[in-house]
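A.B. asks: Given next are the chains, with one letter for each unit.
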Amino acid sequence: MEKKDVIHSINGPVITVSRTDSFRMLEMVFVGEAGLIAEVISVSDEKTTIQVYEDTSGLQVGEPVEGSGAPLSVTLGPGIMQNIFDGIERPLRIMEERSGAFIASGLHVSNLDEEKKWDVSVKVKVGDKLSGGDIIATCPETEIILHKCMMPPDVSGTVTWVAGDGQYNITQPIVKVETATGHEEEICLAHRWPVKTPRPVRQREMINRPLVTGQRVIDALFPIAKGGTCAIPGGFGTGKTMTQHQFAKWSDADIVVYVGCGERGNEMTQVLDEFGDLVDPKSGHLMTDRTVLIANTSNMPVAAREASIYTGVTLAEYYRDMGYDVALMADSTSRWAEALREISGRLEEMPAEEGFPAYLPSRLAGFYERAGSTRNLNDTEGSVSIIGAVSPQGADFSEPVTQNTKRFVRCFLALDKNLAYARHYPAINWNLSYSEYYEDLDPYYIKNVGEDFPELRGKLMSLLSEETSLQEIVKLIGTDVLPDTQKLTLEIARIIRTGFLQQNAYHEQDTYVPLEKQLYMMRIILYMHDKAGELLERGVDVTSIIDSGLFERLIKIKYDVPNDKLDLFDQYYKDIDDTCAELLKDSKRAASQAG
Amino acid sequence: MAMEYIGLKDINGPLVTLEGVQNISNEEMVELRTKEGSRLGRVVTLEADKAVVQVLSGTQGLGLDKVNTRFTGKPMRIALGSELTGRIFNGAGVPIDGLGPVYPEEIRDVNGSAINPVSRAYPRNYIRTGISSIDTLVTLIRGQKLPIFSGSGMSHNRLAAQIARQARISDEREEGGGFGIVFCAMGVTKDVADYFRRSFEESGALTRVTMFLNLSSDPIVERTMTPRCALTAAEYLAFEKGMHILVILTDMSSYAEALREFSSSRGEIPGRKGYPGYLYSDLASIYERAGVIKGKPGSVTQIPILTMPNDDITSPVPDLTGYITEGQIVLDRYLDQIGIYPSVSVLPSLSRLMKDGIGEGYTRADHQAVANQLFASYAKVSDARGLANVIGEEELSEADKRYLDFGNHFEHEFLNQGVEEERSIEESLELGWRLLSILPRSELDRVDDKLLDEKFGPVKSKKEDITPNTLPLPETGAKAPKDKKRKQAVDTGPSA
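First to last, the protein sequences are chains A and B. The letter at position 208 of the first sequence is residue 208 when you use our numbering, and the numbering goes up by one with no holes. In short: position in the second sequence from 1, add 595, done, that's our numbering.
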């Protein structure tokens, strides 16, 4: 009989086995009679340490531990879209059918539906030489996503047999290949891939397309690139989750992977509810058709929370390999870091900063580096963009997770408590945020949106920073003593803040704004600035410009001009010109009367 | 099969270690019997033939020998039944009201298990508390967890008792087994526990209240189990009996301290401020038990109360709580000092679920608009106050003066409310409109013009703008003091 490995000790989610030679590092194992899913996290000459992805209560010393021979892996194949998984790719809907409203532990369910037959058309023929990543078949996965089934990246060979087009489930062989060693392999619609290994690509490509989100403050001021990385730090109540939801709903990615990592259960339900009803304005199909959710809420096992981030990025890479642009939202990476800390504490590792393990920066880097715009093994082009929310302790951005994340991301959208208190949403602080993608993306904006886009952005930013320094003075002495030009700067900055940066996620038109309208809005605000500046030079009082109500009208443009009726802007230009001419006349008349 | 072991290997704080034990499950309950009586414990760590047991009622008086230990083979469970309401239990779920044990319709593991996100129903209906500031600005939604962040000496207990007395589900006709309260006290003083009990008694609410009491003199290990017992009872009443349950947990800070004490006695590596690294997961395992489940009529709503050490909202317990709960009600010491009750600090308070549980069909169509405008306008009040401190009130612009006026009325008439005073949603919203009418119309930028026209009549000319709107001003019953020294200056710009 085979010698058995048994549990030696149990401490929360961490167990040890005293024998050492049967397990490899990061191997997936099954613990106890119930077969709880677990992963080997350290091997020494005395013991093997294992973290368990499920609740360990009721487990006994002496229960068996069985190896699986492979690292923690996920199944990649049709059926991922529209689904909702837990941190280790177990479908939550199936788990609900099995155990009811409360999650039981030790549930063994297959990752993807193995019964469902897909409408497969095979793309290869006998004799074709295939290498890893090559597309062998396609099937429509949802109404808008065509699933391209690929060779596992580590398999290549000559096709010896193909199944005809038809209906197949994910376990039936589609193609048989003879590998270089003369061994025959059956390839199905789905294959397994270890979550902690990035999927290989041919090469990295230049980043040159923006991830259009329809959120003005992001697209115009702090753009994110397709294949880029972005962090959204903010204390609680500053709208991290709301911003992530807006990205998931409106960004122009083909596929959205939304990872709820250690967050609220009700939030995941909200995503499920809302996305189920929302129609994508571009494709006219339901949002859920392009979305996959990974929900590991804060009260689900902590080790699976750690895995959820990797599961998410692996699914994202898989769809990237088909040639799609994928956006991954991770809410929140701090919970993931805390899961690392919690497990590190259980292992009694020497803590570094604030109790986080010393390998936190390298783990963060490893995660964000899986983003990128790539040429894939099968010569398609795709991208994975990663947008990670960070929940700094005490809203203090100097804490380790925020600081280390900052080193690996190129776009940083700092959410501000004070803005949130004033209900200025999205509460992105324009002084603390930055994007390093200007250079990469400006050619795109110039070519596809408007030549003056980068220039307008520059002017907007400088007006805002001018306002910030003026506000310091205003706090001390009030606005009355400022010269008219500075008063105008404050007014224009107010228009930019309330009329442009503030965006109402619940307003039908304002929730998503196309780049063109963003451009028009910037243009008209700066046109107003120039015009008003001229008037001031010619002796018009700033209060009379304010009283003319033009500024208020500009602020309301976001509601008053529908996204598809941009010709309405002409009327605004005309009104500005007319009113300005009138103001000039009035002031001349007043001056001549006084004189 | 239950084995009995004699003697212990060592005793360390609330933990005892046994050696030579077999077939012990993680988290199993243990009974330790001595001459004096028996106490309960729970297995927390297992290593080979050693078991570390956490003794719920403390290890005082235990010796290494003369202790008989019996392993029950079961995790900690409590008996549940429909007669739970009106009963009083200690922190470990044992009845202490002299009415004998609960007739068990069901026995459940107190640790519960996570609600599958797919099975949750998104909370969409509100609970009326009769308190203007909460109902209008931070509406409590059924299935929500909305903590009160307070400090020692502030009126959080009075507020919680008032909420418990006045709370009504918005629609009484709706299906379900009615409304109930589970009150869970962790480390509170006897006076506080008595206060709540008396207050429930006087209002006749005691019959719908289930109390779990772990007083400050009770053992800390028991305290770590108290909220779990209370929530197990709440889940049972909500999801089996179809009741809408409001759970009041006070004080979560004592709970976290108990956890810290217990963690350090286990020799665990401490995280921030000595709290264990798993504090977030542990708090989440309590808070996340609030919710509504698809296809079940009941709901579990939580109001955890926590006292912030030194009123510091960034200390670990409020900080982590804020990341888990769906908003927070923050009390302000300055408002408390000038006699405003409830001293809700409006700007940092937030109810994340409110937007979907108010408005047409729930409260009133204009609710969101009024709330947004009150928030935005009140945020500007502190700007105006800051400016007035520097340049004096006389020098302020007309609009800023109106903001000062608005701020004082808002605090003294809208926030301020009697302990027995119950305001309907209608009353609160109308009061909000009247206060907003103090401000010039151009400042009301969060409300649709259409709605403004409806309330104040159409604008006639631009010059009219600075004059007050047409609603009658609220009576200035309360004297508005000049508060020159605001502690909490919030400005609307970003912090540089």
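By construction, these hints were calculated from the structure, which means they are not laboratory data. Just so you know, not all the hints are guaranteed correct.
Said to hold, decoys possible - Below, a list of computed lysine-lysine pairs in the DSSO-like style, where the Cα atoms sit at most 27 Å apart:
1) B/K1045 - A/K556
2) A/K47 - B/K604
3) A/K459 - A/K556
4) A/K565 - B/K975
5) B/K630 - A/K47
6) B/K1045 - A/K574
7) A/K556 - B/K630
8) B/K996 - A/K4
9) A/K556 - B/K996
10) B/K975 - A/K475
11) B/K604 - B/K630
12) B/K996 - A/K475
A.B. asks: All the hints need checking, so say for each whether the structure fits it.
C.D. replies: Hints versus structure:
no., hint, verdict
1, B/K1045 - A/K556, "holds (14 Å)"
2, A/K47 - B/K604, "holds (24 Å)"
3, A/K459 - A/K556, "holds (21 Å)"
4, A/K565 - B/K975, "violated (34 Å)"
5, B/K630 - A/K47, "violated (41 Å)"
6, B/K1045 - A/K574, "holds (25 Å)"
7, A/K556 - B/K630, "violated (79 Å)"
8, B/K996 - A/K4, "violated (81 Å)"
9, A/K556 - B/K996, "holds (26 Å)"
10, B/K975 - A/K475, "holds (13 Å)"
11, B/K604 - B/K630, "holds (19 Å)"
12, B/K996 - A/K475, "holds (16 Å)"
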